[in-house]
Amino acid sequence: MRVAVIGAGVIGLSSALCIQEQFQSLLPSLQLEIYAEHFTPHTTSDGAAGLWQPYVSDRGNLQETLWNKETFDHLLGQLHSPAAKEMGLFLISGYNLFREPPPDPSWKNIVLGFRHLTPKELELFPGYSHGWFNTALMLEGRSYLPWLTNRLTQRGVKFFHKKVESFQEVSGDGVDVVLNCSGMRSGELQPDPELQPGRGQIIRVLAPWVKHFIITHDLRSGIYNSPYVIPGSEFTVLGGVYQHGNWSEDNSAKDHKSIWDSCCQLLPALQKAKIVGEWSGLRPARPSVRLERESIRLGNRQAEVIHNYGHGGFGLTIHWGCAMAAARLFGTILQEKQQLGTPPGPRL
Amino acid sequence: MASPKVAVVGAGVIGLSTALCITETCPSCSVTVLSDQFSPNTTSDVAAGMLIPHIYPDTPIHRQKQWFQETFTYLFAISNSAEASEAGIHLVSGWQIFKSPPKEELPFWSDIVLGFRPMSEAELQKFPQHRFGQAFTTLKCDCPPYLRWLEKRLKATGTQMYTRKVADLWELHREYDIVVNCTGMGAHQLVGDEQLFPVRGQVLKVHAPWVTQFIRDGDGLTYIYPGIHRVTLGGTREKGSWSLSPDAGTTRDIFDRCCSLEPSLQGAQDIEVKVGLRPSRQSVRVQREVLSQGGIKLPVVHNYGHGAGGFSVHRGTAKEAALLVEECISALQASSSRAKL
Numbered sequence: 001m002r003v004a005v006i007g008a009g010v011i012g013l014s015s016a017l018c019i020q021e022q023f024q025s026l027l028p029s030l031q032l033e034i035y036a037e038h039f040t041p042h043t044t045s046d047g048a049a050g051l052w053q054p055y056v057s058d059r060g061n062l063q064e065t066l067w068n069k070e071t072f073d074h075l076l077g078q079l080h081s082p083a084a085k086e087m088g089l090f091l092i093s094g095y096n097l098f099r100e101p102p103p104d105p106s107w108k109n110i111v112l113g114f115r116h117l118t119p120k121e122l123e124l125f126p127g128y129s130h131g132w133f134n135t136a137l138m139l140e141g142r143s144y145l146p147w148l149t150n151r152l153t154q155r156g157v158k159f160f161h162k163k164v165e166s167f168q169e170v171s172g173d174g175v176d177v178v179l180n181c182s183g184m185r186s187g188e189l190q191p192d193p194e195l196q197p198g199r200g201q202i203i204r205v206l207a208p209w210v211k212h213f214i215i216t217h218d219l220r221s222g223i224y225n226s227p228y229v230i231p232g233s234e235f236t237v238l239g240g241v242y243q244h245g246n247w248s249e250d251n252s253a254k255d256h257k258s259i260w261d262s263c264c265q266l267l268p269a270l271q272k273a274k275i276v277g278e279w280s281g282l283r284p285a286r287p288s289v290r291l292e293r294e295s296i297r298l299g300n301r302q303a304e305v306i307h308n309y310g311h312g313g314f315g316l317t318i319h320w321g322c323a324m325a326a327a328r329l330f331g332t333i334l335q336e337k338q339q340l341g342t343p344p345g346p347r348l
Numbered sequence: 001m002a003s004p005k006v007a008v009v010g011a012g013v014i015g016l017s018t019a020l021c022i023t024e025t026c027p028s029c030s031v032t033v034l035s036d037q038f039s040p041n042t043t044s045d046v047a048a049g050m051l052i053p054h055i056y057p058d059t060p061i062h063r064q065k066q067w068f069q070e071t072f073t074y075l076f077a078i079s080n081s082a083e084a085s086e087a088g089i090h091l092v093s094g095w096q097i098f099k100s101p102p103k104e105e106l107p108f109w110s111d112i113v114l115g116f117r118p119m120s121e122a123e124l125q126k127f128p129q130h131r132f133g134q135a136f137t138t139l140k141c142d143c144p145p146y147l148r149w150l151e152k153r154l155k156a157t158g159t160q161m162y163t164r165k166v167a168d169l170w171e172l173h174r175e176y177d178i179v180v181n182c183t184g185m186g187a188h189q190l191v192g193d194e195q196l197f198p199v200r201g202q203v204l205k206v207h208a209p210w211v212t213q214f215i216r217d218g219d220g221l222t223y224i225y226p227g228i229h230r231v232t233l234g235g236t237r238e239k240g241s242w243s244l245s246p247d248a249g250t251t252r253d254i255f256d257r258c259c260s261l262e263p264s265l266q267g268a269q270d271i272e273v274k275v276g277l278r279p280s281r282q283s284v285r286v287q288r289e290v291l292s293q294g295g296i297k298l299p300v301v302h303n304y305g306h307g308a309g310g311f312s313v314h315r316g317t318a319k320e321a322a323l324l325v326e327e328c329i330s331a332l333q334a335s336s337s338r339a340k341l
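So the protein lines, in turn, are chains U and F.
Using the UniProt record's numbering, read the first sequence as starting at 1 and increasing by one per residue.
Using the UniProt record's numbering, read the second sequence as starting at 1 and increasing by one per residue.
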C-alpha cells in the first residue's frame with residue numbers, strides 16, 4: 001500500500017511519522033512517499049519562531065483546542081528525553097500584553113504556571129495595562145524538521161523533490177491514499193476560497209540577553225499585527241505583521257521599519273541588537289483547520305485524500321494533535337479496505 | 001576640604017559600585033580605585049550574579065531587605081533601558097525547588113522579585129525528586145559585562161583606576177584622606193578580620209543557549225543560571241577552603257547534579273571551570289572606623305564580607321558605604337575647623 005504525502009513542512013512530516021509509527025508493523029506493505037516543492041530549511045515551518053502558543057481568542061473551535069493540548073502534552077513528555085535538544089525543543093517563559101482586559105485564553109490550563117501580571121511587572125511595559133505570564137515550549141522548525149526527516153528516513157520513507165500540480169499526479173499506480181499537507185498551496189490542488197495567506201515578516205537579531213517571549217496584542221488590529229519578540233536558541237525573532245490576503249514573500253522595507261521601531265519601543269535594549277536576517281512567509285490561514293477525508297474520483301479510479309491544512313500561525317502549536325487525527329482517518333480507510341486483517345467490524 | 005581624596009581598595013562588584021556611589025553622593029570627591037585584580041579576574045567574575053539574597057545571620061533582616069530592594073530597583077531600571085545589554089543586566093524566570101519543606105514559605109524577598117508564587121503540581125512534575133517549589137522572575141548581572149560597565153561609568157566621572165596590591169592601609173594615608181576597604185576575601189589579611197572566612201565555590205560555565213529558565217535547589221548547592229552567553233552550573237560551598245584550583249571530581253559531580261535537574265544539559269558544549277572564594281561573614285561589615293598610628297588618623301570605611309550574596313545587595317551596601325564616606329568627610333571638616341581655632 002503506497003501513501004503519498006504532499007508537503008514537507010511540520011504538518012506533512014509529522015503526519016507521515018504518525019502514520020508510519022502506528023501502521024508500519026500492522027501493514028508491512030506500507031510505503032510512504034513524501035512529495036514537496038520545498039524541504040527544510042525552506043519551508044514556512046522553518047521561518048516561524050517556533051513558540052507553542054495558540055491564538056489568544058478562541059475561534060470557537062473546541063477540536064482545535066484539544067489538538068493544541070495534545071501537542072503540548074506530547075512535547076512536554078519529550079522534554080527530558082535525549083532527543084529534546086536535537087528536536088529544538090525547550091521550555092520558555094514569557095509575557096502576553098494587552099491594552100485592555102482580555103478574557104483568559106482557552107489554553108490557560110494547558111501551559112505551565114499561567115497567571116496574570118502583577119503591577120510591578122506591567123511597569124516594564126508602559127502602555128499595556130493587562131497581561132499574562134506563563135511557561136510554554138519552543139519547538140524550532142529548523143531543528144525539528146531535520147529531526148523528523150531523519151526519523152522518517154530511518155523508517156524507509158522516501159522523499160521526492162517535486163512540485164505536485166494535482167492529486168492525479170501522485171495517486172496513480174497503486175497509491176490509495178494521499179495526504180494533502182500542502183499548506184499555503186493547497187488551493188492549487190483544489191480551490192478553497194477559505195484558505196488565504198496571512199503574510200508575516202520577521203527580523204532575526206542577536207539579543208541573547210532576552211530570555212522571555214513578549215507578545216503584544218492589539219485587539220483592533222488583529223492577531224500578530226502588534227510587536228512580538230521571541231528568543232530562540234540561535235537568534236531572537238522580532239515580528240508583528242499579519243497581512244490577510246497578501247501573497248508577497250518579499251521583505252518589505254516599510255514592514256521592516258514598523259517591526260524594528262515597535263519592538264525597540266517595547267524592549268529598549270534591542271536597539272543594540274545586531275540584525276542577522278530577515279524573512280517573509282505566508283501563514284496558511286483558514287477559519288478552521290481542514291482535517292477531513294475526501295474520496296476523489298480520478299478517471300476510473302477512486303482515491304482517498306486526507307486533507308490536513310490551514311493551520312495559520314499555529315502549525316507547530318497544533319501539529320501533533322492533527323497528525324494523530326490524520327492517522328486515525330488513515331486507520332479508518334484501512335479498515336474500510338479491510339487491509340488491517342482484523343475481523344471485519346461494522347462499517348464506519 | 002575642597003576635594004577630598006578617596007581611595008577605594010578592591011575592584012570587584014563591591015569596590016566598583018561603592019566607588020560609583022561615592023562619585024554620586026560626593027561629586028567634589030576625587031575617587032581612585034586601587035586593586036590587584038580587575039575584571040575578568042575578580043571573585044565577582046566567577047559568580048553568576050543572580051539576584052537571590054543570601055541570608056546573613058547577624059545582620060537585621062530589615063537592613064538586608066532594604067539593601068536588596070535598593071539593588072533590585074536600581075538594576076530593574078537598567079534592565080529596562082537601552083543600556084541593558086552593555087551592562088549585562090537581564091530578567092530571568094525560573095524555579096527554586098525543595099526536597100523537604102522550606103524553612104520559610106515566604107522569604108523576606110518574595111515581594112521584591114517579580115511574580116513570586118508557589119509552583120503548580122504540573123510544574124513540579126519536571127522535578128520528580130522535589131516536592132515543593134517557588135516560581136519567580138528576578139534579575140541577573142552578567143560578569144564581566146557588568147563590571148566593565150561600572151568601570152566605564154567610573155571613568156566618565158574622572159575616577160582613576162590603578163592595578164596595585166595594597167598590603168597595608170597605612171600605605172595610603174599620605175595620598176588619600178579616606179580609604180574605603182572593599183577587598184572582599186583580601187580583608188582577612190589586610191585588616192586581620194578573623195571573622196571573615198572563605199567559602200569555596202566551583203562552577204562550570206557552559207554553552208547551552210536553549211536553557212532559558214533558572215533552576216536552584218533550595219539547599220543552595222545545585223543551580224543552573226542562564227546568562228547572556230553561558231549558563232552557570234553550580235556548585236559547591238566548601239567552608240574554610242582557600243584553594244583556587246579547579247577540582248576534576250567536583251566538575252563531574254556538579255555536571256551530574258545539574259543534568260539530573262535539567263537533562264538537556266547533557267548536550268552542553270564548551271565547559272569552562274571556574275573557582276571563587278566567597279568572602280563570608282556572619283554579617284556584612286559596612287562600618288566606619290578611624291585608624292590611629294603615632295598621632296596620625298586615617299578614616300576607613302569598610303564594605304566587605306558579602307559571602308554568597310554580593311550581587312544581591314551590592315548597590316544597597318554601596319550606598320550605605322557612600323553615606324559613611326560623607327560622615328568621614330564631615331568629621332574631617334569639623335576637626336580641621338577646630339584645628340584652625
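Worth flagging that the hints you see were computed from the coordinates, not collected in a lab.
Careful, some of the hints might be misleading.
Stated by the list, open to error - Now the in silico label distances, taken between C-beta atoms and shown as ranges: (1) F/124 x U/33: 41 to 51 Å; (2) F/105 x U/248: 47 to 57 Å; (3) F/122 x U/102: 39 to 49 Å; (4) F/260 x U/130: 37 to 47 Å; (5) F/124 x U/82: 53 to 63 Å; (6) U/61 x F/260: 47 to 57 Å; (7) F/110 x U/294: 48 to 58 Å; (8) U/258 x F/58: 54 to 64 Å.
To be verified - From the derived model, a few chain U residues whose C-beta atoms are all more than 10 Å from chain F: (9) 21; (10) 23; (11) 27; (12) 80; (13) 112; (14) 154; (15) 194; (16) 208; (17) 212; (18) 251; (19) 261; (20) 303.
If you're wondering where the values come from, they're calculated on a predicted model, not measured in any experiment.
Think of the CB as a built atom: it goes at the ideal place given N, C-alpha and C, for glycine as much as any other residue.
Structure-based check of all given hints:
no.: 1; hint: F/124 x U/33: 41 to 51 Å; result: holds, 44 Å
no.: 2; hint: F/105 x U/248: 47 to 57 Å; result: holds, 56 Å
no.: 3; hint: F/122 x U/102: 39 to 49 Å; result: violated, 22 Å
no.: 4; hint: F/260 x U/130: 37 to 47 Å; result: holds, 38 Å
no.: 5; hint: F/124 x U/82: 53 to 63 Å; result: violated, 22 Å
no.: 6; hint: U/61 x F/260: 47 to 57 Å; result: violated, 40 Å
no.: 7; hint: F/110 x U/294: 48 to 58 Å; result: holds, 57 Å
no.: 8; hint: U/258 x F/58: 54 to 64 Å; result: holds, 56 Å
no.: 9; hint: 21; result: holds, 23 Å
no.: 10; hint: 23; result: holds, 31 Å
no.: 11; hint: 27; result: holds, 35 Å
no.: 12; hint: 80; result: violated, 5 Å
no.: 13; hint: 112; result: violated, 5 Å
no.: 14; hint: 154; result: holds, 20 Å
no.: 15; hint: 194; result: holds, 36 Å
no.: 16; hint: 208; result: violated, 5 Å
no.: 17; hint: 212; result: violated, 7 Å
no.: 18; hint: 251; result: holds, 25 Å
no.: 19; hint: 261; result: holds, 14 Å
no.: 20; hint: 303; result: holds, 42 Å
The structure fails to meet hints 3, 5, 6, 12, 13, 16 and 17 from the earlier list, while all remaining hints are met.
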